[in-house]
Amino acid sequence: MALGDLEREVMTVLWERYDPLTVREVHQELARERHRDLAYTTVMTVLDRLAKKGVVRQLKEGRAYRYAPAQSREEMTASVMMDALSGTPDQDAALAHFVGQLPPEALRAAIEAAARQDR
Amino acid sequence: MTALLLGALGLTLSLVVPGPLARAHWPGRAPAAAVLLWQAVTLAAVLSALGVVLAAPEELTRAFGSGRPVTAAALIGALAVAAVIVLRLLISLYGVSKRSRARRARHRLLVDLLDRAEQRQELDAGNVRVLQGNLPLAYCVPGREARVVLSDGALRLLDREEIDAVIAHEQTHLRHRHEVVMESFTAFYRAVPRLLRSRAPLDAVHVLLEMVADDAARRRTGSAPLRGALERLAEAVPLAEDVAPETDSRRVRMERLAVPRNPSVALDLLVVAAALALLVLPTVILVVPWLDRALDAWPL
Numbered sequence: 001m002a003l004g005d006l007e008r009e010v011m012t013v014l015w016e017r018y019d020p021l022t023v024r025e026v027h028q029e030l031a032r033e034r035h036r037d038l039a040y041t042t043v044m045t046v047l048d049r050l051a052k053k054g055v056v057r058q059l060k061e062g063r064a065y066r067y068a069p070a071q072s073r074e075e076m077t078a079s080v081m082m083d084a085l086s087g088t089p090d091q092d093a094a095l096a097h098f099v100g101q102l103p104p105e106a107l108r109a110a111i112e113a114a115a116r117q118d119r
Numbered sequence: 001m002t003a004l005l006l007g008a009l010g011l012t013l014s015l016v017v018p019g020p021l022a023r024a025h026w027p028g029r030a031p032a033a034a035v036l037l038w039q040a041v042t043l044a045a046v047l048s049a050l051g052v053v054l055a056a057p058e059e060l061t062r063a064f065g066s067g068r069p070v071t072a073a074a075l076i077g078a079l080a081v082a083a084v085i086v087l088r089l090l091i092s093l094y095g096v097s098k099r100s101r102a103r104r105a106r107h108r109l110l111v112d113l114l115d116r117a118e119q120r121q122e123l124d125a126g127n128v129r130v131l132q133g134n135l136p137l138a139y140c141v142p143g144r145e146a147r148v149v150l151s152d153g154a155l156r157l158l159d160r161e162e163i164d165a166v167i168a169h170e171q172t173h174l175r176h177r178h179e180v181v182m183e184s185f186t187a188f189y190r191a192v193p194r195l196l197r198s199r200a201p202l203d204a205v206h207v208l209l210e211m212v213a214d215d216a217a218r219r220r221t222g223s224a225p226l227r228g229a230l231e232r233l234a235e236a237v238p239l240a241e242d243v244a245p246e247t248d249s250r251r252v253r254m255e256r257l258a259v260p261r262n263p264s265v266a267l268d269l270l271v272v273a274a275a276l277a278l279l280v281l282p283t284v285i286l287v288v289p290w291l292d293r294a295l296d297a298w299p300l
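Chains as they are written, first to last, in the numbering used here: chain A, 1 to 119; chain B, 1 to 300.
If you are wondering where the hints come from, they were derived from the structure by calculation, not from laboratory data.
Incorrect hints may have been included.
To give an idea of the chain B side of the interface with chain A (calculated C-beta under 10 Å), a few residues [unchecked claim]:
hint	residue
1	Val111
2	Val141
3	Glu179
Don't be surprised by glycine CBs; every beta carbon is placed ideally from N, CA and C.
Looking at chain A on its own, in the form it has when it is part of the complex (with noise of 0.2 Å):
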């Protein structure tokens, strides 16, 4: 499997659990409900590099580690969608949209209208 999909794996298990689950915990759950059978030591260097991206926060506990995401997957799709709306000047070249940019408030408007439309 390639390391893009094992990340999205290993942060879906983190998002539908939400709380901070520890190395074995995300090895397991990947086995049980994912039916991914993966190295305990890959599952692990998978949690450390999201780590390091910001993606997943580290808590220390005792001994051991526990992973959190950093937000939720609501709140992350939120900040991309934010991000890949807003357009200032020295933004203009870094993405390409269809039907182009938002001013923040419209933008603003937008998100939280789609947002109500979900529940």
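Since the structure of chain A is provided, determine the placement of chain B on it from the hints.
Structure of chain B alone, referenced to chain A:
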């Protein structure tokens, strides 16, 4: 004299030409060639400015009948100023592309993590990612590992053909490396002193690149699905109220997609020739004769 003529050319290219060129309608018929013309206009304006900086001191000292050492000193000073201008442009370009790369890398990481892989079974392209959420979104993250990102909202809003059209449009941006063009114009915009700069080239080139991507997508899927997608997405995500109709790029693109494509090889060739002439002629007519004179005074 050389400096005066180059100065006039530079000011014309940076202050007079962009307005009418941005308002003209013909670029819609030859968008790719028009992008080339904008590049030539911008580059020729920079070269003219450099020409003024290089030629003016030498010509002035010569006109006042100063001796050889003074002329040589003026030349060296001019070279230093020209180097500063070039350096400023290069630093701006480095900064813009570095910041864009960092933002894209972060964005790509997050969309990869958030991707709802199970929903894109029917989307065959391997670099397409789907975000959960009702806000209809379609965009691409350029770079070596490029992504096309769609939201649930967009997938629900559009039918199959329209989705294909949007993906074809975004893949064209990625394949043709349109972000490099946009980055260079952004960098140039940021490097020019506030009083002299204008957003006209940046905005015009942006719309032209959208047209290039529209044309590639309509060749693949036909105009109707692309136009339908544009209409629905524009309706679902309204722009700010105060956008004038003629500058609303969505409207311009929709109107363009409503009529059959009428590309013209003659127009393309004409525009490309104009772009080349803009770069070559000033050099041959003005710079080469001056260089000939200036080299006489060169001390080394």
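So which of those numbered hints doesn't the model satisfy? Hint check: nothing fails, all pass.
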